[in-house]
Amino acid sequence: MADFSSLDISASGLSAQRRRMDTVAENIANAETTRTAQGGPYRRKQVVFQALPNTPGGAGGGVTVTEVATDPRPARLVYRPGHPDANAEGYVRMPNVNILEEMVDMVSATRSYEANVAAINAAKQMTRKALEIGRG
Amino acid sequence: MMRIVPTGATPAFSLPAAPRAAGGETAKPFADLLKDAVDQVNRLQSQADSLADQLASGKLDNVHQVMVAMEKASLALQLTIQVRNKVIEAYQEMMRTQV
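One line per chain: the protein sequences are A and B, in this order.
All residue numbers for the first sequence refer to the numbering used here, where the first residue is 1 and numbers rise by one.
All residue numbers for the second sequence refer to the numbering used here, where the first residue is 1 and numbers rise by one.
Think of the hints as simulated: they come from the structure by calculation, not from any bench.
Where hints are given, some of them may not hold.
[Stated by the list, open to error] Now the in silico label distances, taken between C-beta atoms and shown as ranges: (1) 128/A - 58/B: 28 to 36 Å; (2) 52/B - 125/A: 18 to 26 Å; (3) 94/B - 110/A: 50 to 58 Å; (4) 89/B - 25/A: 34 to 42 Å; (5) 29/B - 67/A: 46 to 54 Å; (6) 57/B - 115/A: 29 to 37 Å; (7) 134/A - 63/B: 27 to 35 Å; (8) 63/B - 82/A: 41 to 49 Å.
[Unchecked claim] With a Cα cut of at most 30 Å, we get these calculated DSS-like pairs of lysine-lysine: (9) 35/B - 124/A; (10) 45/A - 86/B; (11) 45/A - 28/B; (12) 28/B - 86/B; (13) 86/B - 35/B; (14) 35/B - 129/A; (15) 35/B - 45/A; (16) 45/A - 59/B; (17) 129/A - 59/B.
Here the structure is a predicted model, which is why all the values come from computation and not from measurement.
Heads up, the beta-carbon is just placed ideally off N, CA and C, and yes, glycines get one too.
Just chain A, with the same shape it has in the complex (with noise of 0.2 Å):
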C-alpha cells in the first residue's frame, strides 16, 4: 500500500543503524583482536549507505547498505615484548580502532535510529488522524 511507502523507507533506516551498530560493536569487541583469518591484527569496519531509488509515484526508496569497507589506516603498533604475536623489536600490530571513535559512532547510529523511530511514530500519527476525519 502507498500509503505506507513511509514507514517502509523508515524501517529501511532502522536496518541500516542496526547494521553500522553491529560494526560498531565488532570493531569495539576486536579492539584489542591480533590475529585474523586473513593475517595480522583486526580491521576497522564501517558501513557504507548508499540512498534507495525511488519511483515518480512516491513508492520505493529508503537507504541501504552498500558496502561493510575496511579502514585503510595502518596498525597501531605497540610495544609489548611478552606478546605472543610481538615481532623481533617486541613491537605488537594492534587493530586500527579508535574506542573514542567509536562510542562516537556508536551514540550517532543510536541517535538516528530513534530519529527514524520519531519519523515511523509520526507517518502513524498522520495516518490516525487521517482516519479521525469521518469521526466527527
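Starting from the known structure of chain A, arrange chain B on it as the hints suggest.
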C-alpha cells in the same frame, strides 16, 4: 449578444455515460474494491503474524521489522473499521428514510 449555453453541454453538469476509472477501463464494482481491501488487510495481518513467529523462534533478529509490520496491520485494520462504520452509517441512514 450573449450566447446561451445549454446546461447539458457544460462539463460540470454533463453526466458520464458509464463509470470509468482513470486508466480508461471501466471502474471496478464496489464489492470487488471492498474484497481487495479486506484481502490486503488480511495479508498485512498474516505478514505481521509470521514475522512475530519468526522473531519468537529466533529466526529474525530485527525487532523493528516486526513492530513496523504490526503497526501496518493495525493501521490497515483501523482503516477497514472506519470504512465499515461509514457503510453501516449509510445503510442505517437509508433505512431511516420516510416513505
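Outcome of the hint check:
1. 128/A - 58/B: 28 to 36 Å: 32 Å Cβ-Cβ, so the 28 to 36 Å window holds.
2. 52/B - 125/A: 18 to 26 Å: 23 Å, holds
3. 94/B - 110/A: 50 to 58 Å: Since residue 94/B and residue 110/A have Cβ atoms about 55 Å apart, the given range 50 to 58 Å holds.
4. 89/B - 25/A: 34 to 42 Å: The hint (34 to 42 Å, Cβ to Cβ) is violated, given that residue 89/B and residue 25/A are roughly 53 Å apart.
5. 29/B - 67/A: 46 to 54 Å: 50 Å, holds
6. 57/B - 115/A: 29 to 37 Å: 31 Å, holds
7. 134/A - 63/B: 27 to 35 Å: 33 Å, holds
8. 63/B - 82/A: 41 to 49 Å: Since residue 63/B and residue 82/A have Cβ atoms about 44 Å apart, the given range 41 to 49 Å holds.
9. 35/B - 124/A: 24 Å, holds
10. 45/A - 86/B: 55 Å, violated
11. 45/A - 28/B: 54 Å, violated
12. 28/B - 86/B: 20 Å, holds
13. 86/B - 35/B: Roughly 16 Å between the alpha carbons, so the hint for residue 86/B and residue 35/B holds.
14. 35/B - 129/A: 25 Å, holds
15. 35/B - 45/A: 50 Å, violated
16. 45/A - 59/B: 25 Å, holds
17. 129/A - 59/B: 35 Å, violated
When each numbered hint is compared with the structure, violations occur for hints 4, 10, 11, 15, 17.
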